[in-house]
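For reference, the chains in residue letters:
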Amino acid sequence: GQQVMQIPQYQHVQEGEDFTTYCNSSTTLSNIQWYKQRPGGHPVFLIQLVKSGEVKKQKRLTFQFGEAKKNSSLHITATQTTDVGTYFCAEIQGGSEKLVFGKGMKLTVNP
Amino acid sequence: EPEVTQTPSHQVTQMGQEVILRCVPISNHLYFYWYRQILGQKVEFLVSFYNNEISEKSEIFDDQFSVERPDGSNFTLKIRSTKLEDSAMYFCASSDRDQNTGELFFGEGSRLTVL
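Chains A and B, in that order, give the protein sequences.
End of the first sequence = 208 in the working numbering, gap-free, step of one.
End of the second sequence = 226 in the working numbering, gap-free, step of one.
Check the hints yourself; a few may be wrong.
[Stated by the list, open to error] When the alpha-carbon atoms are kept at most 16 Å apart in a straight line, the in silico EDC-like pairs for lysine to aspartate or glutamate are as follows: (1) Lys-133/A <-> Asp-207/B; (2) Lys-195/A <-> Asp-180/A; (3) Lys-195/A <-> Glu-155/B; (4) Lys-195/A <-> Glu-167/B; (5) Lys-203/A <-> Asp-180/A; (6) Lys-200/A <-> Glu-155/B; (7) Lys-133/A <-> Glu-219/B; (8) Lys-168/B <-> Glu-164/A; (9) Lys-133/A <-> Asp-180/A; (10) Lys-195/A <-> Asp-207/B; (11) Lys-195/A <-> Asp-174/B; (12) Lys-195/A <-> Glu-164/B; (13) Lys-194/B <-> Asp-174/B.
If you're looking for bench data, these hints aren't it; they were derived computationally from the structure.
Extracted from the complex, chain A is given alone in its bound form (with noise of 0.2 Å):
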């Protein structure tokens, strides 16, 4: 089935750097979910975008979903320490109930 690849899969920052995580997909996507898993915790949703060419922002968070809904982003800016966790990408399937998820980012910051 579809699944949202998502890169790169390991990411180590400077506190205060920026950076920013992709997901992307063969097929058009109907949405995307953002997730975030602090180590050991469990998947918190972030955000869903829906429409072509979306920009959220939550704070130092920008989402955005490409205009040909085949790829989103998640962009942080100055990392802090309470960023580290895993960032998962997620699409509800057009016609299906389940969430699906891509493989995740990690991300770690060295203070």
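Guided by the hints, dock chain B onto chain A, whose structure is given.
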């Protein structure tokens, strides 16, 4: 803030034993899910449940697995005869699909260790 609760937080069992994992979804939610996550890997869909029946299941959810909503609050996952490869964190989630965000609310998980 309402939350999904799961018990037990950790269960250790012998291979071949039956295990029941319990979940209390958020009270006004109508859609319920089980996911699993093998250590360090991605979150995998197992099953979705709506209107007292399974609405969708993955290829992982074979005859050894079953779900039940025995009363108005609990949602359980049963593994009839556990295998070593069933060792994972099992997350229950619920949602109100009528809300605009499409958010799934996850519980803190039940870690299953099969020896």
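Going down the list of hints, with the structure as the test:
{"no.": "1", "hint": "Lys-133/A <-> Asp-207/B", "verdict": "violated (20 Å)"}
{"no.": "2", "hint": "Lys-195/A <-> Asp-180/A", "verdict": "violated (27 Å)"}
{"no.": "3", "hint": "Lys-195/A <-> Glu-155/B", "verdict": "holds (10 Å)"}
{"no.": "4", "hint": "Lys-195/A <-> Glu-167/B", "verdict": "holds (7 Å)"}
{"no.": "5", "hint": "Lys-203/A <-> Asp-180/A", "verdict": "holds (10 Å)"}
{"no.": "6", "hint": "Lys-200/A <-> Glu-155/B", "verdict": "holds (9 Å)"}
{"no.": "7", "hint": "Lys-133/A <-> Glu-219/B", "verdict": "holds (13 Å)"}
{"no.": "8", "hint": "Lys-168/B <-> Glu-164/A", "verdict": "violated (31 Å)"}
{"no.": "9", "hint": "Lys-133/A <-> Asp-180/A", "verdict": "holds (9 Å)"}
{"no.": "10", "hint": "Lys-195/A <-> Asp-207/B", "verdict": "holds (14 Å)"}
{"no.": "11", "hint": "Lys-195/A <-> Asp-174/B", "verdict": "violated (19 Å)"}
{"no.": "12", "hint": "Lys-195/A <-> Glu-164/B", "verdict": "holds (15 Å)"}
{"no.": "13", "hint": "Lys-194/B <-> Asp-174/B", "verdict": "holds (13 Å)"}
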